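Number of protein chains: 8
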Amino acid sequence: MAKFKLDDTDHKILDMLIDNTRTPFTDIAKKLLISAGTVHVRVKKMEEAGIITGSSLSLDYKKLGYAFIAYVGIYLEKTSQTQFVLNRINEIPYVTVAHVTTGKFNLFCKIRAKDTDHAKNVIFQLDDIDGVYRTETMISLEESLNDKKRLMKSIFDEMTS
Amino acid sequence: MAKFKLDDTDHKILDMLIDNTRTPFTDIAKKLLISAGTVHVRVKKMEEAGIITGSSLSLDYKKLGYAFIAYVGIYLEKTSQTQFVLNRINEIPYVTVAHVTTGKFNLFCKIRAKDTDHAKNVIFQLDDIDGVYRTETMISLEESLNDKKRLMKSIFDEMTS
Amino acid sequence: MAKFKLDDTDHKILDMLIDNTRTPFTDIAKKLLISAGTVHVRVKKMEEAGIITGSSLSLDYKKLGYAFIAYVGIYLEKTSQTQFVLNRINEIPYVTVAHVTTGKFNLFCKIRAKDTDHAKNVIFQLDDIDGVYRTETMISLEESLNDKKRLMKSIFDEMTS
Amino acid sequence: MAKFKLDDTDHKILDMLIDNTRTPFTDIAKKLLISAGTVHVRVKKMEEAGIITGSSLSLDYKKLGYAFIAYVGIYLEKTSQTQFVLNRINEIPYVTVAHVTTGKFNLFCKIRAKDTDHAKNVIFQLDDIDGVYRTETMISLEESLNDKKRLMKSIFDEMTS
Amino acid sequence: MAKFKLDDTDHKILDMLIDNTRTPFTDIAKKLLISAGTVHVRVKKMEEAGIITGSSLSLDYKKLGYAFIAYVGIYLEKTSQTQFVLNRINEIPYVTVAHVTTGKFNLFCKIRAKDTDHAKNVIFQLDDIDGVYRTETMISLEESLNDKKRLMKSIFDEMTS
Amino acid sequence: MAKFKLDDTDHKILDMLIDNTRTPFTDIAKKLLISAGTVHVRVKKMEEAGIITGSSLSLDYKKLGYAFIAYVGIYLEKTSQTQFVLNRINEIPYVTVAHVTTGKFNLFCKIRAKDTDHAKNVIFQLDDIDGVYRTETMISLEESLNDKKRLMKSIFDEMTS
Amino acid sequence: MAKFKLDDTDHKILDMLIDNTRTPFTDIAKKLLISAGTVHVRVKKMEEAGIITGSSLSLDYKKLGYAFIAYVGIYLEKTSQTQFVLNRINEIPYVTVAHVTTGKFNLFCKIRAKDTDHAKNVIFQLDDIDGVYRTETMISLEESLNDKKRLMKSIFDEMTS
Amino acid sequence: MAKFKLDDTDHKILDMLIDNTRTPFTDIAKKLLISAGTVHVRVKKMEEAGIITGSSLSLDYKKLGYAFIAYVGIYLEKTSQTQFVLNRINEIPYVTVAHVTTGKFNLFCKIRAKDTDHAKNVIFQLDDIDGVYRTETMISLEESLNDKKRLMKSIFDEMTS
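Protein chains in written order, with the UniProt record's numbering: chain U, 1 to 161; chain P, 1 to 161; chain L, 1 to 161; chain V, 1 to 161; chain D, 1 to 161; chain Z, 1 to 161; chain B, 1 to 161; chain A, 1 to 161.
A portion of the hints provided could be inaccurate.
Unchecked claim - Short, incomplete list of chain B residues facing chain D, as computed with Cβ under 10 Å:
1) Phe124
2) Asp127
3) Ser154
If you are wondering where the hints come from, they were derived from the structure by calculation, not from laboratory data. Keep in mind the model is a prediction, meaning the values are calculated, not measured. By construction, the Cβ of each residue, glycine as well, lies at the ideal position given by its N, Cα and C atoms.
Take these sequences, add in the hints, and give me the full structure.
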């Protein structure tokens with residue numbers, strides 16, 4: 001599917017941006033012995049090709065008091081309600097990920113909360129959405145890995161070779 | 001836990017960075033009618049407080065040919081092997097998230113792959129790690145929501161008020 | 001139950017037809033040193049006995065873009081709806097097999113689809129049939145075996161001896 | 001994926017072969033008001049494109065005393081044994097379909113047997129393959145649908161339009 | 001609870017009746033060197049104490065064409081319907097045992113049927129009772145043991161000592 | 001399968017024996033206005049045909065202090081151990097029924113015990129048999145139905161008509 | 001969270017009260033070579049800090065005829081009914097513990113009953129509460145441990161050091 | 001089983017002790033217009049009959065920083081290890097209750113911990129006991145009821161009437 005080809009320069013620019021999206025283009029240019037304009041052009045091109053779609057902050061959720069992570073499987077009454085329920089879920093900021101899934105659940109969500117009590121409230125909010133039949137919760141005891149950088153590097157390696 | 005207090009200026013800076021981490025500080029300064037130095041100082045302070053820990057690129061994985069998402073529950077032979085298995089998982093770039101969980105699984109992972117066939121290979125790699133007893137896979141039919149920005153905004157609102 | 005007896009000639013004819021249903025009767029006759037008329041009579045007899053009921057094409061579904069196979073377990077609201085639901089299922093060409101089953105499902109289907117997205121639509125169509133309470137999907141990562149020829153040979157061996 | 005395009009003549013030939021793979025080319029030619037040579041050329045082309053891969057007999061398994069159908073889910077001890085176990089399964093003619101699957105089973109098979117007792121023997125054969133950890137069986141009470149012709153017609157319609 | 005005490009003669013009479021309830025009292029008397037009247041008195045006493053409540057024929061169900069045994073777990077909509085549903089079940093002669101149970105089922109039944117098809121009908125009859133929410137069936141591949149005589153002997157041994 | 005035909009006299013004899021296996025043949029003869037010899041001949045014939053295989057006592061287990069009934073599902077390590085484990089089970093008199101089953105269990109047993117404590121011991125005995133991997137127990141809260149007489153009557157009706 | 005600090009005297013007082021809450025303060029005072037007034041002051045202080053909230057009798061439930069313990073998982077129709085159902089549960093004295101839980105159940109209770117029959121009635125009472133969808137029961141075969149004293153000692157040790 | 005009969009005075013004494021085990025006997029005597037000696041004799045008698053076995057402190061675990069409650073189901077490798085594993089569990093003070101159970105678990109425990117992290121450690125300690133095969137955890141989101149006083153009152157009412 002992915003037909004876009006990266007050359008060595010694209011690849012090196014991406015590697016630096018993966019580590020820190022705020023790296024100034026002039027720094028990248030200096031490191032790669034090219035002009036800042038070239039960096040700009042290359043990044044633009046990759047944005048236009050839809051490869052890079054933006055950037056996001058990384059926060060220390062534990063420090064911010066949001067250490068509680070849970071996965072919630074949702075059973076719907078009817079799958080025709082899927083879109084309606086997803087719209088309601090979208091209004092709860094503590095749900096950070098939601099998937100339509102195979103297997104026993106219709107929807108599967110990841111939530112971040114402050115503590116057991118807060119999680120209970122978020123789960124009850126999900127339970128009370130019209131069309132939600134039941135939910136089942138699995139609690140994370142430790143987030144051992146949350147890192148897309150290795151995947152990004154692996155994808156870019158593949159696109160260069 | 002979170003005792004750090006944000007003032008209105010911190011909050012506005014964060015709101016702009018959430019939308020685009022690459023927004024130049026001079027742009028932020030202009031918008032908020034403060035000096036670029038002030039922006040710099042505020043961001044530094046929030047980094048030192050451990051609130052902001054970095055930034056990451058957002059990619060369009062579908063465009064890149066990595067449209068297949070699955071959740072894999074892992075049963076270990078013994079929980080004493082947890083750390084060893086997590087280290088092995090860490091070597092597989094297609095696993096982007098891993099949790100130690102309650103409930104029936106010992107570990108719970110999210111993987112991104114190219115297609116059914118590639119997913120099969122990643123799952124088989126997980127299955128073949130020493131200490132992994134069995135795995136169970138749930139496939140995403142659609143990633144309907146993947147957005148931490150609403151959570152970030154909600155947290156920052158709370159820290160300002 | 002099966003009281004029909006095959007003689008050696010019937011058996012050899014069947015073995016050739018199993019490998020290629022389009023083998024001309026004259027070719028079979030030449031190979032077996034009998035007349036084409038005899039082949040014709042024997043096949044007719046086996047058709048009349050209801051042993052052979054027809055023939056079907058074999059397609060390469062992967063090449064045709066239909067590589068995605070899933071099994072869908074269906075829970076009905078009431079088993080009295082079984083026939084009604086089966087009639088609706090019969091209108092979805094992507095469902096190739098359907099069984100009334102024991103165990104936790106009321107009905108169990110096999111579907112062939114183009115990809116994850118197409119499968120989602122077929123599953124949603126099943127979910128939306130009146131009387132269908134819920135569905136549970138298991139996705140095939142690889143169709144490793146799909147061959148009734150070994151079974152046919154085994155049955156015919158048994159009927160000859 | 002499927003880029004092969006069918007014209008109206010191809011389509012009509014396929015429709016006749018789907019209904020009866022043994023229809024002589026001369027009959028098809030007469031119906032479509034084209035020469036038998038053309039039919040031959042078109043079928044050849046579709047075989048070379050890998051669309052048609054062969055043909056198979058349809059039997060009345062009930063009449064033949066093989067009315068018992070069951071689905072067997074297999075748990076392996078290690079997924080590294082998958083290929084080995086599939087090879088052993090391939091030696092049991094009563095297993096007509098086998099898949100590598102997601103979800104709780106590693107492999108999922110369809111078996112045809114004479115009756116409860118015969119089915120027990122086939123299941124015990126599967127259970128006794130080295131590397132098979134456990135099996136779970138679901139019995140068909142009625143094969144309500146087993147028909148790929150609707151799918152074939154749907155695919156060919158799509159390829160023509 | 002059981003305070004009734006058996007003496008050696010009671011015990012020997014029971015052992016003979018367990019093996020064949022039709023053994024004439026005169027035969028028992030001869031074997032035990034007591035009078036037939038004594039046998040009569042003892043049996044009467046055990047009937048009055050409620051130990052023996054009657055006798056039943058043993059049939060060869062396989063020979064009678066009733067070889068198919070299944071266990072059916074029943075979920076009710078409300079446990080207040082338990083007695084009503086049991087009354088309906090009582091009208092289906094193919095259900096030979098029914099229990100109110102703990103665990104996931106509300107009721108748990110044993111059925112005897114002629115074959116897969118007949119079993120399907122009995123299960124559908126159960127499913128169609130008002131108040132029955134769903135059923136789950138487990139099929140017996142072989143009745144390996146069905147013998148209360150060992151239990152009876154063990155109980156009588158205990159009551160004698 | 002069952003080809004044996006019952007005439008009206010056979011049927012009436014069976015109906016009387018179902019209600020009380022100890023009914024003297026002379027009583028049956030008087031009721032049916034036939035000779036005791038005829039009753040004898042008919043019963044003999046049905047025994048030789050294998051329809052009647054014997055008779056068994058009915059006890060009031062509650063009165064005897066054996067009010068506790070449980071169903072135990074057994075997982076084996078390997079199905080090749082089935083016969084060995086069944087032989088061990090056969091040595092435990094508190095197990096009155098055992099089946100080889102489909103579904104998640106390999107074997108499924110019914111036990112009768114005195115109380116919770118006694119049941120625990122019987123279950124532990126089952127658990128400790130070599131080759132038994134795990135057991136799962138479902139406890140009966142009430143034996144609502146245990147009656148084969150309705151089935152017997154239904155079978156005999158069918159054989160007469 | 002717990003900032004209250006215990007000194008050595010507090011700790012020794014608590015250790016004596018854990019073993020017997022009725023130990024007279026004069027006895028404690030004599031043992032610790034302090035005045036009864038000091039004991040009184042210390043206990044008061046710990047009560048005011050909310051550490052000690054009261055005391056409860058320990059009964060021998062087996063002797064009292066309440067030997068039957070079961071855990072009952074409750075599924076609600078809607079989590080919005082949680083408080084209403086908890087209020088109803090609170091009216092059944094045989095339910096001694098109730099939790100709102102994650103996982104498959106909405107509520108999870110512990111019940112004490114006299115025997116199987118009494119337990120059935122309590123479970124039926126739970127089942128009949130409006131808003132209760134279903135229940136699932138797990139029966140205790142033996143209460144092997146029920147002791148908070150070790151936990152109390154461990155907590156107090158930690159608060160002293 | 002419980003044959004001990006309470007008279008009205010016993011009952012009133014118990015009611016006061018249930019509410020506060022530390023109520024001085026002189027206070028009880030005053031309220032009931034009997035002598036303190038009588039109270040003493042009655043309590044002694046109930047202790048000797050084994051009805052009252054002691055008393056325990058009630059703590060506010062939340063205030064003490066132990067707000068996290070979980071239920072842990074334990075699968076053993078062999079039930080013959082039950083006693084050994086219970087002895088090991090007995091060494092972990094955070095496990096306050098343990099049962100031998102029917103159903104899918106061999107043992108079922110209640111734990112109290114400080115937070116998610118502490119709970120993880122306690123669960124890992126359970127997992128690492130020799131003979132423990134796996135554990136499954138269900139987390140309490142809220143302890144809504146923990147009160148044996150209603151049960152005690154109900155039992156005593158019954159013993160008086």
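Hint check:
The interface hint given for B/Phe124 holds, since its Cβ lies 5 Å from the closest Cβ of chain D, which is under the 10 Å cut-off. Checking B/Asp127 against chain D: minimum C-beta separation of about 4 Å stays under 10 Å; hint holds. Taken as an interface hint, B/Ser154 does not check out: its beta carbon lies about 34 Å from the nearest beta carbon of chain D, beyond 10 Å.
Checked against the numbered hints given earlier, the structure breaks only hint 3 and satisfies all the rest.
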